[in-house]
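K.L.:
Here are the chains, one letter per residue:
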Amino acid sequence: MMSKVITGNEAVALGVKLSRVKVTGIYPITPQTYIIEELSEMKAKGELEAEIVRVESEHSAMAATFGAAVSGVRAYTATASQGLLYMHEMIWWVAGSRMPIVMTVGTRAVGAPWNIWNEHTDFMTERDSGWLMAFASTPQEAMDLTIQAFKITEDERVFLPMMVGMDGFILSHTKTRVYVPSQEEVDEFLPLRKQPYVLDPEDPVSMGNLFQPIDYMKFRESIHLAQINSKRVIEEIGKEYEKKINVLGNYSSLNESYKLDDADYAIVTMGAWSLDAMQAIDELRNEGLKVGLYRIRYVRPWDEEDIRKKLSNKDKVLVFDRSISFGRGGHLYLELKSTLPDIPIKGVISGLGGVSVGKDEMKFLIKKFAESNQVNEWFYPSEVEKVELRDPRHIK
Amino acid sequence: MSLGTRDILNKGRLLSGTSACPGCPENITMRLVSTALGKDAVFIVVAGCSSIIQGIGPNSVYNYPVLNIAFAAGPSAASGMARAFKMRGKKVKPVVWAGDGGTADIGFASLSGAAERNENILYICVDNEAYMNTGGHRSGSTPLGAKTPTTPAGKKENKKDLPLIMIAHHVPYVATASVGYPHDLMNKIAKAKDKDGFSYVQVLCPDPYGWLFDPSKTAELGKLAVQTCYWPLIEYNEGKLEISPESLHCLDIRTRKPVKEFLKMQGRYRNVPDETVKELEDYIDKMWIRFKELYEGKISI
Ligand code: SF4
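If you're matching them up, the sequences are chains A and B in order. Each step along the first sequence adds one to the number in full-length UniProt numbering, with nothing skipped, and position 328 is 328. Each step along the second sequence adds one to the number in full-length UniProt numbering, with nothing skipped, and position 202 is 202.
Quick caveat, the hints were computed from the structure, so don't treat them as lab data. Note that the structure is predicted; figures quoted are calculated from it, not measured. Backbone N, C-alpha and C define an ideal beta-carbon position, used for all residues, glycine too. Any given hint could be a false lead.
Straight-line C-alpha distance at most 20 Å; calculated SDA-like pairs for lysine to any residue [what the hints assert, rightly or not]:
(1) B:86 to A:197
(2) B:39 to A:200
(3) A:359 to A:369
(4) B:90 to A:359
(5) B:90 to A:20
(6) B:86 to A:369
(7) A:17 to A:52
(8) B:193 to A:202
(9) B:86 to A:47
(10) A:43 to B:292
(11) B:292 to B:259
(12) B:191 to B:298
(13) B:91 to A:188
One-sided excerpt, in silico: chain A residues whose CB lies under 7 Å from chain B [claimed, not checked]:
(14) 64
(15) 205
(16) 210
The whole structure should be built from the sequences, with the hints applied where relevant.
P.N.:
Spelled out as structure tokens, the structure:
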């Protein structure tokens, strides 16, 4: 293992190379473009032994990656925002086929209006598709989760694809120190892909054809059960990763806690701003406020048991969402509310479309919540509070 | 390739008991194509009648490997497959099987992309000139004047010139075929398979269900379409356009059978106004002027 100062995108590209991916279907979209540029660069230099299919759309990127996986090789792609939505149909097809594929989502707002900056709505809208969904909070974690994802998806107890989210620009473009394992270390952790079902001329099977309603429903149930069973697999593989590759990592549980055990209040976050939240918690603790953090790393599978265990003794819980299910609320808030029906939970939606929310804003919100319970569902940092929406309703 | 009808029946890799309509042209084409391709091929079947013809899973009448896939994904999935087989050091040809809706409309971007990249795949368009699997609705490949559930007064536009559009991609091989001429079809498929790069074959599939004719007449209509020069049999091989022997007579307007003979056998052209027939004839004339000039090397694409 050696350490490098690199961006999240570079870290992911390195993870993909180290995982010995054989085919990747690629299409550029901000902010993930740098991943596919890196892979192309590696291939041009002869460092990456893979076929790159430079397709004409994200729908095709997922289809090409799928075609490769069906033919028995390890396959990968990356996307974001409109691109993710454009490949939505194929995302379902891949999960329905129980095909191991790994994809990075450099999260970004979805238009209209155009916005290239970060939020999690694109990622969160795929949570019913059957994919496993992990979300990184640092470039290191983005790389670590990518390498683990191949092993998890290829485990016969799972056989489901997995997407790894990473905050657009905040993680994708920021350089930090990342510990990069050696090829030998990764090879030892991640053996070459074995797949029981491969499309091959020797074996005249038909995949994805029409089935009777009852069989279709059984397939659906099998995906549901594989999601639930994948929890144990993720923990197992996480532990192995900690032991063999990143001794500093903490992957033996799906989600992470920070100063939570003795806390009266808990906040829940996902992604890069979890680190701002941790700093806020440190400072609030110095001021005597007993608050802790629960960080969602896996949206699917949803670790209901652990969430109950860690949060059901708290006085109240505040959930930060960087995404919105219109007319209902933040996605994580809704999930938490249904997991912990007996605890007062509030949700805050912020940081959409790149609005910057840092340690100070978090501190302000948590304090207000702990002291008075008075937090608005939509939070704007103070300097932008006076911005008026110039929308058609204001045209006289 | 010299195969008699009996050989085709014996060697064909399509099992009996398909869910196709009687007289189904796709069924016949699948039998011919699978025979011509031999063993080293995998099929990618995009949404359409052929997704249903294979029967209910886990059983299948297709006695070769098939990946069924969403409408627009065929050529890109085949591209990924071709690359995967290359990485595995296996000589396997991915064959996309799509109807005209999948080809001319919803799948066109990914078809064009795969052609532009010259992927090592074979694309077969079984052109029955409408979305037959959903009820016979008009597609970009439905001809002028044809009545469909979404064009009850007859289609107002001409058929999309897919073979020419594909030739304009400068791929190694583009051909047209008709279910009425099985040997020509099989020869072309065999040639296309051996190309190291992208090849495209469009097969005219007269469809009793959507064109409204007696199911015993599928092959006859397939022949008439060629004899009346409504459907050209051509081959574009490594940059050179050839007219197949069955279509050579179309180069001279005097040796063509009247298009009306082809139209009058089909319910979808019942009571078609004379002006529409005239317009269709003009379209066919122009098509042949273009092919003639290409064939004689007077113009190039
Ligand atoms: S509608 Fe046409 S192509 Fe489809 S199964 Fe029936 S005859 Fe065959």
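K.L.:
Give a verdict on every hint.
P.N.:
Tested hints:
no.: 1; hint: B:86 to A:197; result: holds, 18 Å
no.: 2; hint: B:39 to A:200; result: holds, 10 Å
no.: 3; hint: A:359 to A:369; result: holds, 15 Å
no.: 4; hint: B:90 to A:359; result: violated, 55 Å
no.: 5; hint: B:90 to A:20; result: holds, 19 Å
no.: 6; hint: B:86 to A:369; result: violated, 59 Å
no.: 7; hint: A:17 to A:52; result: holds, 12 Å
no.: 8; hint: B:193 to A:202; result: holds, 18 Å
no.: 9; hint: B:86 to A:47; result: holds, 18 Å
no.: 10; hint: A:43 to B:292; result: violated, 45 Å
no.: 11; hint: B:292 to B:259; result: holds, 19 Å
no.: 12; hint: B:191 to B:298; result: violated, 26 Å
no.: 13; hint: B:91 to A:188; result: violated, 30 Å
no.: 14; hint: 64; result: holds, 4 Å
no.: 15; hint: 205; result: holds, 6 Å
no.: 16; hint: 210; result: holds, 6 Å
Hint check: violations occur at hints 4, 6, 10, 12 and 13; the rest are consistent with the structure.
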